[in-house]
Every structure is written in structure tokens, then in C-alpha cells.
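A.B. asks: Okay, here's what each chain looks like letter by letter:
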Amino acid sequence: MLFGVLFTFMEELSVLIGGKAGDGINSAGMVVAHLFNRMGYRVYMYFDYPSLIKGGHNFAIVRAAKEKIGAHRSQVDFILALNQDTIDFHQDMVHGKTVALYDRSKVRAEGVGIDLAQILKEENAPPVMGNSCIIGAFAKAAGIEWKVIEEVFARQVPKALSLNLRVARRGFDGARECCRIATLTSSALPVISGNEAIGLGLIHGGLDAYVAYPMTPTSNILHFMAEVAESHDMLVFHPENEIAVMMMALGLGYAGKRTAVGTSGGGFCLMTEGLSLSGMSEIPVVVVLGQRAGPSTGMPTYTAQSDLQFALHAGQGEFPRLVVAPGDAEQAYAWSDLSLQLSWKYQVPAVILCDKTLCEGFYSFSRPDFKIPRIGLPPGASPGPAYARYHLSENGVSPMLAPPRQDTVIKVNGYTHDQSGITTEKADIAALMSEKRQKKGTALAGEISSLNPVVVDGDTGTDTALICWGSTTGVCREVAAVLGLRLVQPIVLSPLPEKVLQDALRGTDRQIVIEENAEGQLAMLLARHGIRPDSHIRRYDGRPFTVEELEARAREVLA
Amino acid sequence: MNARDLITGAQNTWCPGCGNFVIQFALKNTIAALGKEGVDTDRIVLVTGIGCHAKMADYLNINSFYSIHGRTLPVATAIKMANPELVVIACAGDGDCYAEGLDHLVFAAKRNTDITLLVHNNRVYGLTTGQYTPTSPLGFRGRSTPSGTVEEPFNPLEIMLASGATFVARGCTRRMDLLQRTIMEGIRHPGFAFIDVLQVCASYFNLSDYYERSVYEIRDHDERDFEAACRKAREWDYNTDAPIGLGTIYRAERPTLEERLSAVRGTETDREATIRNVLEKRT
Ligand SMILES: Cc1ncc(C[n+]2csc(CCOP(=O)(O)OP(=O)(O)O)c2C)c(N)n1
Ligand code: SF4
Ligand SMILES: [Mg+2]
Chain A
27 MLFGVLFTFM
37 EELSVLIGGK
47 AGDGINSAGM
57 VVAHLFNRMG
67 YRVYMYFDYP
77 SLIKGGHNFA
87 IVRAAKEKIG
97 AHRSQVDFIL
107 ALNQDTIDFH
117 QDMVHGKTVA
127 LYDRSKVRAE
137 GVGIDLAQIL
147 KEENAPPVMG
157 NSCIIGAFAK
167 AAGIEWKVIE
177 EVFARQVPKA
187 LSLNLRVARR
197 GFDGARECCR
207 IATLTSSALP
217 VISGNEAIGL
227 GLIHGGLDAY
237 VAYPMTPTSN
247 ILHFMAEVAE
257 SHDMLVFHPE
267 NEIAVMMMAL
277 GLGYAGKRTA
287 VGTSGGGFCL
297 MTEGLSLSGM
307 SEIPVVVVLG
317 QRAGPSTGMP
327 TYTAQSDLQF
337 ALHAGQGEFP
347 RLVVAPGDAE
357 QAYAWSDLSL
367 QLSWKYQVPA
377 VILCDKTLCE
387 GFYSFSRPDF
397 KIPRIGLPPG
407 ASPGPAYARY
417 HLSENGVSPM
427 LAPPRQDTVI
437 KVNGYTHDQS
447 GITTEKADIA
457 ALMSEKRQKK
467 GTALAGEISS
477 LNPVVVDGDT
487 GTDTALICWG
497 STTGVCREVA
507 AVLGLRLVQP
517 IVLSPLPEKV
527 LQDALRGTDR
537 QIVIEENAEG
547 QLAMLLARHG
557 IRPDSHIRRY
567 DGRPFTVEEL
577 EARAREVLA
Chain B
2 MNARDLITGA
12 QNTWCPGCGN
22 FVIQFALKNT
32 IAALGKEGVD
42 TDRIVLVTGI
52 GCHAKMADYL
62 NINSFYSIHG
72 RTLPVATAIK
82 MANPELVVIA
92 CAGDGDCYAE
102 GLDHLVFAAK
112 RNTDITLLVH
122 NNRVYGLTTG
132 QYTPTSPLGF
142 RGRSTPSGTV
152 EEPFNPLEIM
162 LASGATFVAR
172 GCTRRMDLLQ
182 RTIMEGIRHP
192 GFAFIDVLQV
202 CASYFNLSDY
212 YERSVYEIRD
222 HDERDFEAAC
232 RKAREWDYNT
242 DAPIGLGTIY
252 RAERPTLEER
262 LSAVRGTETD
272 REATIRNVLE
282 KRT
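Read top to bottom, the protein sequences are chains A and B. Numbered per this note's numbering, the first sequence spans residues 27 to 585. Numbered per this note's numbering, the second sequence spans residues 2 to 284.
Hints are computed from structural coordinates only; laboratory data are not their basis. Warning: the hint list may mix true and false statements.
[Stated by the list, open to error] Result set (BS3-like, lysine-lysine): computed pairs, CA atoms no more than 30 Å apart in a straight line: (1) Lys452/A / Lys282/B; (2) Lys282/B / Lys283/A; (3) Lys111/B / Lys283/A; (4) Lys46/A / Lys29/B; (5) Lys282/B / Lys92/A; (6) Lys282/B / Lys173/A; (7) Lys397/A / Lys111/B; (8) Lys185/A / Lys282/B.
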């Protein structure tokens, strides 16, 4: 590792900060991200932690670049070590110029050692402030001015600001400058998690209620919404289990409240009977399904894209559904908003399919509001004795009313029902009602095709395309740019916008599907629609691809 | 809404002699009586599970949510949370509410949601043609237990008292007037009202004569005394012979879920302001 002062102006930079669970590594990573944000960089943060509360090894990788990014690299320029594991476990991420800053009272390493125990004792500060101290040291080492720290701490460190600053200053003064990061001219952007982007998008789309039972990686949506609801007029509720979550969402929907629920695969299993009821009763609901490595409890805090087929097929019987897979914070925001709107217009369940990488990753975020269309509702019904909840209309969508309405009986039903919502087993009505539901799916598909449901990026003139979905979009975008490939990312996966997707792939004779699962679940879906990519890159160890890893895998495939 | 026909045109498929007719009649009369008192029928929502009992949703000409097996209560709770102006009544089966969805029952009592639950307790699965339920007596020969059950029943009243229910009552389809009065009391009760209705199943567990012999109307009982309520609830264990008291066993007042929720609820309604505020903090 490097010693002596080196003045380099770096325009892209990666920092790894690690410690044991309970050291506040996630918040420390966020502070580092905000230092870069203040200096005009676009940031991305990956947080890696085992499923435990105290002990174990946690680390965050903060990457800063000139352009928006959504992936981390295989190597880092700085390592901030609060425990020995941070040095020992990440040797493969070190390059010739990596600088290590470490807590000399606990860690043996080469680089810049700071005696955190001593400093904290002298400042009479609690152990958790160790990360402020190491961040101070890092700022000095990276040539970041002290006033940037002051600014960022003032905004991002909510408690004991002056003590935190004092401790950080000791770190700052105890280190030496190793390089100098250029300050860019762009202004700071909000840095938010994928979970927060989803929550904000739902709120923008008109959300009235959020119901969830905690489960990684979407628990933080519940926490975020609960916090927002302290000031914003919104119902946030955490009931006894996911079955209740889903059934409450349907009760709220019946009463006219736009409702979303959040969970991961295990919780979604419990919701499927209610999902099917949503399909039959035509009560809208939005499900945020955050994938993690399964099957079963799997690796709760690690990522996967292995619930696509589950999301597409969950629930008994046949009914249309919307499934969207956003790839970054902006898409998460826009498509959460759109999912809620579309779910209400077509009275179908919608699934926002995300994963640990997107949910718990942090991104520089600019609001894409201006691009998000307002979908509107189908023509309203007039209340009165003639009202029929399941009135047969041309496109299958019936006017929806919520009780109480004068002289109006509003009946919803999970049995096969007639237009007024009363149970029937008559063959002709059963067939008509099935066709009604199918028609809604067709109408939904029609509207989807006008909403840019497939993103095309990279070099559109080449004959080779990477096809990806969900959170791998960020890493695929970079790899496509480096290798000069076209990138095709279907955001809507049900109803699959077949024609738009074929247009996006037109002119390619080589297609490589990138997925973080073992069975090739997107490839299966594409095959059902007549698209048969010839190459596949898959990963299923719970870790997201880094830029370099994916680039190497893609080169192998292309060779 | 003004006087309307409270019965739909749906064909009724309950067996002749089924106690569900009595519950339907009592409920219809109660709704009509509420209407006379000024409780708009348009404001009433019925939530049902799945089972013979649940057909009530098809038969009563009022707002209804015909839900799935075991899940009446989360739906009913949510409708009440969404709009506390609504009068929410849930009709559940004993299989529905004591087996498939017992968790929700305990939580509805714990939360004290202002809804009224009628459990059509025929002590058998009617619609699936006669299997034992959590309140079938020990040794009950049902189609899944041809040699008799090997479990004692539990006492739903005790469960409700232990879970914090603020209104606990029992009715019987052999005593319609009393049942109707009890339902009215339950609906008027500001909080979770639980009514276990001993319902005769004519086809799979006809206890008409037994109930005729055993039931009595509870009098001279202090329904505000929790200990007395526990004693009253334990008088009959749903298993061995004992007098079966009908009427209100326990009543208490506690803030409802909806009241507590509205007390902590935020007031900002401008979505734009909320979003901007969050993003500002994250910059
Ligand atoms: C999840 C689920 N499991 C099983 C069933 C089948 N099923 C329908 S009704 C019923 C039991 C009904 O018994 P109860 O709730 O006591 O109602 P009753 O018919 O006696 O009124 C069962 C098991 C179902 N509909 N859903
Ligand atoms: S099976 Fe029993 S509960 Fe069901 S309708 Fe017949 S008599 Fe009534
Ligand atoms: Mg029953």
C-alpha cells in the first residue's frame, strides 16, 4: 500500500468502509457519499451485511463518478477499516494505490493508522463516533476540505453535531493528504435508497395507505412510510402477518383507499391467496416485492432475481396483472407512481419487482416527474339502485365506487359473480366474466405500450444486445458502454410489451441475457414470446455483479 | 337510504331448518331497526368469509365484501380504518374464524376495532360437508374423524376475554329475539363486539334439542366485572353438559383502533410538499 503524499486529481473514486454490525457502517457510508455529493459527484452505495444485529462484518462501498452510476467496482481506492476483517477480507479489492485508513487501537495494517480509542477517550465520545473520526481522517487523506465535512455533518449527522465534528477534526488532523479529489461543478442531488424512491413514487402516484409486515429488503419502506406519515396524511399499518397485510389492503381498496403493501418472497407466499382475490374481486393493490436470495429463508440480506416467475404466476386462476421491474432509483420512483395509477385504472393487482441491490442501494436522484404521465381513471359511474360493480363494459373495466353512496349497493366477491357481484355458477356468466378479466389485460397492455416500457441504451447501431431487467441495469449500462453493445431493458414484464421489445431488439443477431438467478427466468419469459436469446450470463451467489466482473463475463461470451 | 328490500333476488341454498335463516332474519331486522333510528343502510358494510354462513353476503341487499376463508376480520378492520363512518359487520364461520383465521380474531380483539363480529358457530364445517371444528366436542365423528376427534374443543369466549375484547356475548339460533337484541347491542358497542352464535346445522350437527334443553338467558350478571365474566364464560366448556348462558357476558370501554390512529395521524395533504421536504433532507 501507498505511503507518502501523492497529488492526483481523481475524477472517479471508490471507498470501502467496514466494521462490525453495530458500528454504524451504513450511516458512515452515507456520510462519505454526501461528501462526494457536495463536491458535485454522482454517487452509488452498496451495503453488504450479514443477517445479525451485533458483531459480524459489515461493509459499504461508496462509488463517486461524474455521471449517474448504479453499480460498484471490483477495486477500491480507499479502505476505511474499523475492524481487522475490513483489511483481511478485502485484499482482492486492493490495487497498487489503495490507501487504508484504520483504527490503530484495533486493527493491524499498512497505511494511515488513527488511534480511535485514544481520541474517543480524550474527547469523552461514545464508541459509535469512531466512524466520524475515520471519516475525518479519510477527508484529509483524499484532499477534501474541512468545510465540506462541516457542511455535510451539519445536514446529515442528526445527533451531537459538535462532538461528532470535534472527533472528526481529530481524525482530520491526524491523517495526511494522499491525493486530491477534484471538485466538480454539478450541484448536489438528493441521495436516496431504492426503497425510498419506491415510497416517494407511490406517494406521488396518490397513495393513501401502506401496509406491511417487516421483511428484508423492504422493511425500510415500512420504516420510511411510517416516518413520513408522522406529518403526512397517510395510513401506515403493521398487522399480524402478511395474510392480514394483503387482506387489509383489499379492505382499504374496497373503501376507496389507494394502498400498497411491501414484502419479500416468503411474505409474498402468504399473500398469494389475497392476490388472487384481488384479481377476482377487481380490487386494485400494489405489492412491492423485494427479492432476496432464496429458496426459503435463504440469505436474507443478500440479493437475487429469482422470483420473476413467481411474481408472474402467483395466485390461483387466471387474471391480468401488472409486473414492473425498475432498474434504478429514478425508474423505481416513476414506475411505482405508474403502477399505482395503472392498478387503479384497470383494477388489477400490480407488483413492483425489485431486489436487495435496488432496495437498499443508495443513488443520486433527480426527480423524473415531468416524464410521468397522469393516467386518470375510467369513466365514473353514477350511484343509485342500478349500480353494478362488475358492469360489463367494452374494455372489461367497470366503473368503481366505494361505499357509502346513496341508494347504492356495492358488492365485491371472490366467488365467480354476476355483474351485481352476487355469486353464480352459471356457465355463460362464468365465461363472460373470465373474458371481462382478459379484456382488462388487453386494455392494460395497450396502454403500457405507450409508456416506454422498454429502455434502450448503449450503442443502438450494433448487432449485439445485452438484455437485462431490474437492478442489474446499472452495471449492464456501464458494460454496454465499455464494450459498445446495445442495452435492452424491459421494465414492464407483465403484460410483456412484446412488440416494443421486438422493435428494441431489431437489427441484433446476438443477444445476451444477464440475470441474477440460476434458471434464466427472464429468458424463459422471453422464449414464451418467441424471443430466444443465444447467450446467458447468470449469477446466483447473492452478490450483485461488479462492473469488472460482468465485463469479463461478457467478454468471455463474446470471444 | 330509505326503506329498501333488504333481501336480494339471489336464490337461497341453505338447507331447510338451517340456523342461518334465523341469523339472517335477526340481522335484517336489526338493519331495518337501525335504519329507523337514522343509521343509513348505505353506510353498512357486511364482510363474510367462506362457508355456509358467508352466503349472507349474497342474500342481504347491502354493501358487502365476500372475502375468503378465514379472512373476514382483516378486511373488516381495514374498511373501518379507511372510513370510520361505515358500520362494519362481519359474519364468519367457526371453521373460518376459529381455525383458518384465529390469528386475526385475537388481533381484532386486541386492537378494539369498532366492528361487530357474528360467528355462525355450528361447530362443524358445513360447506365442506361435515368435518370437526375447534368447537366440536371431544369424540365428534366428522368425515375427517370417523372414529371421533381426539382433541378437546376450546372456549372462544375465554379466548376473547384473554385477548382484550370489549364486548363478549353469546347467542343461539333457537332464541331469535334475544339474538336480535344482542346483535343490536353489539353494533351499538363502541369497540370490537364479539358474538358467538350457536347455530343449528340441520344437516351435519343438529343440536336443536340439546340447545333447547340447555340454553338460558343471562340475568343478574354484572357484565362490567371481568372476573364475573370469566366465570360466566367458563360455565360451559363447549364439551361437557352444563347450562349455556346467552346474552352479553362482558362489556368494557377502551379507545378504539380508529380513534388511536386518528390521534397520531399526520395532517399534511400536499403530496408535493411532502416529497420536496424528504428530498431536501436527503441532499
Ligand atoms: C384456504 C381455504 N381452505 C379451505 C377451503 C374450503 N372450505 C370452504 S368452507 C370451509 C369450512 C367452512 O366451515 P365454517 O367456516 O365453519 O363455515 P360453515 O360452512 O360451517 O358455515 C372450508 C374448509 C377454502 N375455501 N379455502
Ligand atoms: S350444511 Fe348446515 S350450516 Fe350449511 S346450510 Fe346446511 S344446515 Fe346450514
Ligand atoms: Mg361452521
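A.B. asks: Does each hint fit the structure? Answer for all of them.
C.D. replies: Consistency of the hints with the structure:
1. At most 30 Å may separate the alpha-carbon atoms for a hinted pair to count; Lys452/A and Lys282/B exceed this at roughly 58 Å.
2. For the suggested pair Lys282/B and Lys283/A, the alpha carbons sit about 28 Å apart, so the restraint of at most 30 Å is met.
3. Using a Cα cut-off of 30 Å, the hinted pair Lys111/B and Lys283/A holds, with the two alpha carbons roughly 24 Å apart.
4. A C-alpha spacing of about 64 Å is found between Lys46/A and Lys29/B, which places the hinted pair above 30 Å, so the restraint is violated.
5. Restraint check for Lys282/B and Lys92/A: satisfied, since their Cα atoms lie roughly 22 Å apart, inside the 30 Å limit.
6. This hinted pair checks out: Lys282/B and Lys173/A have alpha carbons roughly 19 Å apart, not beyond 30 Å.
7. The straight-line distance between the Cα atoms of Lys397/A and Lys111/B is roughly 45 Å, outside the 30 Å bound, and the hint therefore fails.
8. For the hint linking Lys185/A to Lys282/B, the alpha-carbon distance of about 15 Å falls within 30 Å, and the restraint holds.
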